[in-house]
Amino acid sequence: MEKKKILIVDDDFSVRETLCDILRAEGYEVTEASSGADAIDKTASADFDCVIIDLRLPDIDGIKVIERMSDKISKNKIIVITGYASPELLSKTLTEAEYFLLLKPVEPEQLLAIVKKIIYGD
Amino acid sequence: MRKRIFLNSVIPVFAVLCATFYALDSLVKNFEKREADARLNESYTAIKQRFDENFAIMTSPLRETFCALLMRFYSLGQLNNFFVEFTSLYPQIQRIALIKSSRRVLEVSKLTAKSFGKAWVNQDTGLSNIFWQGAHPYAEFRMEAGAGFEVAGTIELTTLFEDAAGLTATPFGVVKFYSSPKDKIFSDAKKNKDAVVKVFPLLGGKWSVEIREDRKQFYKAQSRFRRKFAVFTVFALFFTYALSFVFSLRPTQTVRFTSGKYPNEELSEDDISLIGHELRNPIAAVKNACYFISSHPRSKLSGANIDKHLGIIRNEISLISATIENLLTFLRSRPPVLSACRINPILSELAAHFANKNSLVEFVTDFGDVPLVAADAVELKQAFFNIMENAFDAVTPPGEIKITTSRENEYVRISVKDSGCGISSVNLGKVFKPFVSVKNSGAGLGLAVVAKIIEKRLSGKVLIKSELGAGSEVVALLPVKRENPLLISPLGRGRRQGRENPLLISPLGRGRRQGRENPLLISPLGRGRRGE
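As given, the protein sequences belong to chains A and B, one line each in that order. Be aware that the first sequence starts at 5, since it is given in this note's numbering, and climbs by one per residue. Be aware that the second sequence starts at 26, since it is given in this note's numbering, and climbs by one per residue.
Because the hints were derived from the structure by calculation, they are not lab data. One thing to keep in mind: the hints can contain errors.
[Stated by the list, open to error] Ranges of calculated distance between the beta carbons of each label pair, as one might list FRET restraints:
no., chain 1, residue 1, chain 2, residue 2, range
1, B, 403, A, 80, 47 to 55 angstroms
2, A, 105, B, 45, 48 to 56 angstroms
3, A, 123, B, 346, 33 to 41 angstroms
As the structure is a prediction and not an experimental result, all values here were calculated from the model. Backbone N, C-alpha and C define an ideal beta-carbon position, used for all residues, glycine too.
Generate coordinates for the entire structure from the input sequences, incorporating the hints supplied.
Structure below.
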């Protein structure tokens, strides 16, 4: 069976690298992007079964990145991870509850469960 | 680096030049067009008037236009008498007029069969006018001879409006140029074929006969303007290059931490979420790495993989601890514990720490024989850790970080200079503000803490000089340990206590005082002596 593809968008090298290893060990094919523009480029040229994205990116706001890739990736395939705890900010930026939203630091088990749910259904 | 500066300054200047050019160009175009229109209208009115006056037969249709035939004849030799014969296969042309000439026209004729009309020379101006209808245009002009080598003139061809479009192209036909001795009239000369100097087909490429609609004259002016602009652009580019070169030699920008006012050390919601982000990121990485190592059976993990994740854990924990240290220092209000510190060893130790991280970043030290400084050793180390970390982050390996120490009056001067990316002038103004990071990452506390430690707690000075693309230099001035014993060692403090009012100092002093008989007396020393 073909490997399921996941895109990880995070500017923090260590977070990205460790997450990649975890997901690869689970048998996924993982692509990394370190900026919003990079992520948009990569979704334009390949299909992904799941996208894990940090809201705070160096170039483009994570929410804008999600909107720009929306024609390629449906919103229910996206997991948003944020280090901002402020609930006001979250309700402001994420009015539609279409994404899976997780707060940093994410428990890897929890993340893996959600990835599984997105890719294989319940 | 110079290339970047060059491009940075040339591109906007060039853009402005282009914009100026296009603005001027359209201005000139409009101006020239208006002028050409005005000229056209003027000649049009004049011709219509002449047309009406002199050629009543052609009252209908009355819509005429014209185009100009410019003829320039050069290097004709010594001529006594010459004339021009113009024939065209354009039946639409109904009037030929020599409206401008460098030679006086003596005679003009129209010799077309199956047509009727009128031809004459204006005695005042020496210019001609020929009108006809019903056949191909044909006109001959005899011009006044002279010692001149050149005849220049403009012949106007007039036609109906609806046929005017055809005239924008060169009309078929020929221009013949004759010359003859003074005593012979031109018709004789024409009969003797040898009198023909030249025959110029109107379609020939060599001959400088141009047919242009007057309206289009302005293109000439425009092309002249373009040539001037090209020269101007080359000059401007050269000038810009020279400027950018001079600019690159300009001293770098400097920002001092001189505000003297420290921000209210209460954290806003935004500050807290920024710190949260800065702490949660490394914690997330540590969590992930731990999970990765623990969730796999040891046998499946390679040594390299474990090392990599352990390395990440180590790095991220030191990041977390640095952020926490900075935050604590930023919020701390207890007075510093001053002691006499040797600055050079602290700097060497820090340099070695960063040099270990990447062998491509070279640390060059030039330490002077500097006196001790009065400082809190832990905080001093933290301040220079932050300064060197910024320098280290700014450098793209391979690069160099130079650390120098020297004495400057009552201060020890420490400079940390990197060959990194530099800071733009906009960002340079913000570097000392807390919770504002001009890097891509970080809580923005590094230099704020440096400023707090050096300026507020150690009464020193700190400034940063930077040039985008060339690097930054942080200069710190720390006060030299003075002979004021208060600032130095427990030993010194003891000496001081012995001299002054012991009430204000230490338990030791107080103890001594309590031992005396009369506690009401002021100086225990003096009192004691007096009491004895």
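Now the hints, each set against the structure:
no., hint, verdict
1, 403/B to 80/A: 47 to 55 angstroms, "51 angstroms, holds"
2, 105/A to 45/B: 48 to 56 angstroms, "52 angstroms, holds"
3, 123/A to 346/B: 33 to 41 angstroms, "37 angstroms, holds"
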